[in-house]
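Undergrad: Chains as they are written, first to last, in the numbering used here: chain L, 1 to 105; chain S, 1 to 105.
Worth flagging that the hints you see were computed from the coordinates, not collected in a lab. Watch out, some of these pointers could steer you wrong.
A pair holds if it fits inside one copy or across any two, identical chains being indistinguishable in the list.
To be verified - Computed cross-link-like contacts, DSSO-like style, restricted to lysine-lysine with a CA-CA straight-line distance of at most 30 Å: (1) Lys51 to Lys77; (2) Lys51 to Lys98; (3) Lys83 to Lys46.
Just so we're clear, the structure is a prediction, and the values are computed from it rather than from any experiment.
2 protein chains.
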Amino acid sequence: MSKKYKSDAMAAIHEMMEDLHVGGVIDKQTMRRFDDACLTPIRPLKPEEIKAIREREHVSQAVFANYLNVTSSLVSKWERGEKRPSGASLKLLSLVEKNGLATVA
Amino acid sequence: MSKKYKSDAMAAIHEMMEDLHVGGVIDKQTMRRFDDACLTPIRPLKPEEIKAIREREHVSQAVFANYLNVTSSLVSKWERGEKRPSGASLKLLSLVEKNGLATVA
DNA sequence: CCATTCTATAGCACTAGGTGACATAGTTCA
DNA sequence: TGAACTATGTCACCTAGTGCTATAGAATGG
Chain L
1 MSKKYKSDAM AAIHEMMEDL HVGGVIDKQT MRRFDDACLT PIRPLKPEEI KAIREREHVS
61 QAVFANYLNV TSSLVSKWER GEKRPSGASL KLLSLVEKNG LATVA
Chain S
1 MSKKYKSDAM AAIHEMMEDL HVGGVIDKQT MRRFDDACLT PIRPLKPEEI KAIREREHVS
61 QAVFANYLNV TSSLVSKWER GEKRPSGASL KLLSLVEKNG LATVA
């Protein structure tokens, strides 16, 4: 049992699906939908929601920013609605919202 | 035992540190260093490294992009060195590199 | 064998997200 | 009182990221 259990499991599942696909059991369309299906849904977060997420974790804007690898001024702008988080930023925030700050540590 | 174990644990640890701080055992400097200390170090990733990370997970650029909530063209640019991932993107990639794709699903 | 789909690369125009630095003000605390 | 932490604010800058479209090779399927 390695430490990369989740990663290996992911690879294993994908390989199994790949085998099913090669075997003609499923097509690539389904294969792709399978990949998309197991993702956490991303919805645009309101400024208050972002602030709520941060305060739920009991951290300052500066510390929160460090976790996300962004500047603290940007976090401030998110929470005031001056800027809205985009692709990767929104994904990270969604992860924190669902699973907590520790999962992105 | 709730599902938010990690998050609660994080909050608990922070509250404990906060108590220590209030009690005068540690100062805010140390408090801040504590927060920074438990983060996965972020280093700039080379194009080949990004491609290696993706191929290790056995997914196409399109699927990989979906996981990170970015466009597939951007992933292509990352791997060819046309664009370099920044703050939140770099954090996400680092997470995938360390813990696997499943942890950001 | 041909048609289709997936794949990755490529180019281009646009825009807004993110950076950095610095100033301000309220607060907590030695 | 002074020092450090907090959040907000502003300003200028710029590049990361988007969206669309086109291309070409490889893999697949009928």
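Undergrad: With 30 Å as the alpha-carbon cut-off, assign the pair lysine 51 and lysine 77 to within, between, both or neither.
TA: Intra 11 Å, inter 32 Å, cutoff 30 Å: intra-copy only.
Undergrad: How would you label the pair lysine 51, lysine 98 (within, between, both, or neither) given a Cα cut-off of 30 Å?
TA: For lysine 51 and lysine 98, the Cα distance is within 30 Å both inside one copy (15 Å) and across copies (28 Å).
Undergrad: With 30 Å as the alpha-carbon cut-off, assign the pair lysine 83 and lysine 46 to within, between, both or neither.
TA: both (10 Å within a copy, 29 Å between copies)
The earlier numbered hints are all upheld by this structure, with none contradicted.
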